[in-house]
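Chemist: Respectively, the protein sequence lines represent chains A and B.
Residue numbers for the first sequence follow this note's numbering, so the first one is 1 and each next one is one higher.
Residue numbers for the second sequence follow this note's numbering, so the first one is 1001 and each next one is one higher.
Read the hints as simulated data drawn from the structure, not as lab findings.
Keep in mind the model is a prediction, meaning the values are calculated, not measured.
Watch out, some of these pointers could steer you wrong.
As the list claims (entries may be wrong) - Output of the computed footprint for chain A on chain B, the stretches with three or more beta carbons under 8 Å from beta carbons of chain A: (1) 1117-1124; (2) 1167-1179.
Said to hold, decoys possible - Simulated DEER-style distance windows between Cβ atoms: (3) V1177/B / G20/A: 22 to 28 Å; (4) H1087/B / A5/A: 43 to 49 Å; (5) T45/A / W1059/B: 36 to 42 Å; (6) D1141/B / T45/A: 23 to 29 Å; (7) I34/A / V1177/B: 38 to 44 Å.
As the list claims (entries may be wrong) - On the chain A side, residues computed to face chain B include the following (Cβ under 7 Å): (8) F3; (9) I12; (10) V13; (11) W18; (12) S21; (13) L24; (14) L28; (15) F29; (16) Y40; (17) H43.
Just so you know, even glycine gets a beta-carbon here, dropped at the ideal spot from N, CA and C.
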Amino acid sequence: MEFTALFLATVIVMLAAWRGSRPLAMGLFAALLIASVATYLHHATDVLKLSF
Amino acid sequence: MTRSLAITLNVLGLYAVALVLTVAFAAQLLLHELPCPLCLLQRLQFAVLAIGPIMNVRWGPRPGHYALSLLAAAAGFAFSTRQVLLHIMPGDAGYGTALLGYHYYTLALIGFAAAIVLISAMLLFDRQFEPEGASKFDAPDLFATVAVWLVIALTALNVLSTLLECGFGACADNPVVYELLKRW
């Protein structure tokens, strides 16, 4: 679900970049980048199943 | 480098992102391999990479727009490095099918590294940032408009694809079926 939200947010930022105002697009981009890094950190803290 | 040449190169960059997103979709549909969470994050960063060029086409080249793409490429580089390291142990078969001898995350790592180098090279040319004529605005041509809407459409398709794959819960670590299509 989080990835659906992230892709949807990316579409919204792209539309803001193409049709909206520049400050709005920059602000939304910052929020999107923080959200994607947070999602990465969430998955990066999963326990690794190593086989040795 | 003139302003118009820089915009043309940005449009070509958008077509390159569209190609990457199309190949990812083709691999998903033709090889029946569902992308894992880290794979989806890398695919997402390729889409995010397109926001800088879209703004360059819309408002003209600015260092700030290139900075957005550099940030997206740096994040994508980190994500793909993480996945390469997950499968670096000898004997590990890796995740998914190898394409041209490399797994998708290795190709993504190379792609993000190339993006960082190319965007940095673009920033070397100062003339593109000088305004051409007083308050003159060149409306994006058809070539640029098609590129922008192509990338937006491919990203929108990923909204649908991830919804089918993950459903309304957390995405599986090793997905093998589309969650929303399980009952059909």
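Chemist: Report the numbers of all earlier hints that the structure fails to satisfy, in ascending order.
Modeler: 1, 3, 4, 6, 7, 9, 12, 13, 14
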